[in-house]
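Next come the chains, spelled out residue by residue.
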Amino acid sequence: DVKVTQSSRYLVKRTGEKVFLECVQDMDHENMFWYRQDPGLGLRLIYFSYDVKMKEKGDIPEGYSVSREKKERFSLILESASTNQTSMYLCASGTGDLRTDTQYFGPGTRLTVL
Amino acid sequence: KNQVEQSPQSLIILEGKNCTLQCNYTVSPFSNLRWYKQDTGRGPVSLTIMTFSENTKSNGRYTATLDADTKQSSLHITASQLSDSASYICVVRNTGNQFYFGTGTSLTVIP
Chain A
401 DVKVTQSSRY
411 LVKRTGEKVF
421 LECVQDMDHE
431 NMFWYRQDPG
441 LGLRLIYFSY
451 DVKMKEKGDI
461 PEGYSVSREK
471 KERFSLILES
481 ASTNQTSMYL
491 CASGTGDLRT
501 DTQYFGPGTR
511 LTVL
Chain B
4 KNQVEQSPQS
14 LIILEGKNCT
24 LQCNYTVSPF
34 SNLRWYKQDT
44 GRGPVSLTIM
54 TFSENTKSNG
64 RYTATLDADT
74 KQSSLHITAS
84 QLSDSASYIC
94 VVRNTGNQFY
104 FGTGTSLTVI
114 P
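Sequences listed follow chains A and B, in order.
The working numbering numbers the first residue of the first sequence as 401 and each following residue consecutively.
The working numbering numbers the first residue of the second sequence as 4 and each following residue consecutively.
A portion of the hints provided could be inaccurate.
Below, computed lysine-lysine pairings styled on DSS-like, alpha-carbon distance capped at 30 Å [stated by the list, open to error]:
| no. | chain 1 | residue 1 | chain 2 | residue 2 |
| --- | --- | --- | --- | --- |
| 1 | A | Lys470 | A | Lys403 |
| 2 | B | Lys60 | A | Lys403 |
| 3 | A | Lys403 | A | Lys418 |
| 4 | A | Lys457 | A | Lys470 |
| 5 | A | Lys457 | B | Lys74 |
| 6 | A | Lys457 | A | Lys413 |
| 7 | A | Lys470 | A | Lys455 |
| 8 | A | Lys455 | B | Lys4 |
| 9 | A | Lys453 | A | Lys418 |
| 10 | A | Lys471 | A | Lys403 |
| 11 | B | Lys74 | B | Lys4 |
| 12 | A | Lys457 | B | Lys4 |
Because the hints were derived from the structure by calculation, they are not lab data.
Here the structure is a predicted model, which is why all the values come from computation and not from measurement.
Between the sequences and the hints, there should be enough to build the whole structure, so can you do that?
Following this line, the structure appears as structure tokens:
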């Protein structure tokens with residue numbers, strides 16, 4: 401089974417702190433994604449990566465950065481956390497094949513910024 | 004504008020009954036459409052994926068249909084179970100490798 405793990409299920413941070421969310425997948429997938437999910441807004445793409453050291457901005461990249469130093473690991477960084485970044489963060493990985501690609505999601509990290 | 008709209012927003016049904024969830028999209032050029040199930044507090048899990056040439060696909064009690072002409076998809080759940088209570092998300096991918104998410108339908112199955 402594909403496994404996507406995220407470093408924390410719940411996280412509480414203070415405004416201004418630097419926050420690291422880590423995601424690891426064990427299926428050698430090329431593609432990895434970070435989303436946030438908020439009630440009534442659905443999933444919104446923050447950043448994605450199609451290869452090691454490669455990153456692309458999604459729909460809402462402001463206030464976030466990412467790092468992909470190894471194929472299996474994709475980190476999301478909040479340089480200076482703010483209260484409007486309180487959300488559920490979901491990581492996903494996939495093969496990229498247009499016909500069959502399925503994104504496999506991690507369990508999510510619920511981040512609260514006080 | 005590329006959009007994915009799902010209806011209804013929420014639904015309550017009795018255990019054992021059938022239900023149908025709708026997804027309308029304006030995403031173009033179309034590549035594929037998938038339905039996910041998301042249990043409370045967990046990440047989404049893929050149920051079905053359909054490309055342009057496919058108009059129906061089943062996964063157990065879940066059957067998805069796709070009408071690429073009218074840009075509509077439906078997810079039909081047969082003989083619902085309590086474990087079907089979840090949020091169901093429709094996602095459309097374009098050929099440019101971009102994903103567009105609906106806001107989901109929250110399904111509650113009651114005994």
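query = Has the given pair, A:Lys457 with A:Lys470, been kept, meaning a C-alpha gap of at most 30 Å?
reply = Holds, because 19 Å separates the two Cα atoms, which is no more than 30 Å.
message = Tell me if the straight-line CA distance from A:Lys403 to A:Lys418 falls inside 30 Å.
response = Given that 30 Å is the threshold and the Cα spacing comes to 27 Å, the pair holds.
query = For the pair supplied as a hint, A:Lys457 and B:Lys74, is the alpha-carbon distance within the 30 Å limit?
reply = holds, 27 Å
query = Taking only the CA atoms, is the gap from A:Lys470 to A:Lys455 under or equal to 30 Å?
reply = Holds, at about 12 Å.
B:Lys60 paired with A:Lys403 [C-alpha distance capped at 30 Å] = Given that 30 Å is the threshold and the Cα spacing comes to 25 Å, the pair holds.
task = For the pair supplied as a hint, A:Lys457 and A:Lys413, confirm whether the alpha-carbon distance does not exceed 30 Å.
result = holds, 24 Å
ask   = If you draw a straight line from the CA of A:Lys457 to the CA of B:Lys4, is it 30 Å or shorter?
value = Distance ~19 Å between A:Lys457 and B:Lys4 Cα, so the pair holds.
request  = Below or equal to 30 Å on CA atoms is what counts here, so check B:Lys74 against B:Lys4.
outcome  = Status holds; Cα separation ~14 Å.
ask   = Taking 30 Å as the top limit, are the C-alpha atoms of A:Lys470 and A:Lys403 close enough?
value = holds, 16 Å
ask   = Are the Cα atoms of A:Lys453 and A:Lys418 separated by 30 Å or less?
value = Measuring from Cα to Cα gives roughly 21 Å; hence the hint holds.
30 Å Cα cutoff - pair A:Lys455, B:Lys4 = The hint holds at about 24 Å.
Holds or violated: A:Lys471 to A:Lys403, with C-alpha atoms at most 30 Å apart = holds, 14 Å
Violated hints: none; the structure is consistent with every hint.
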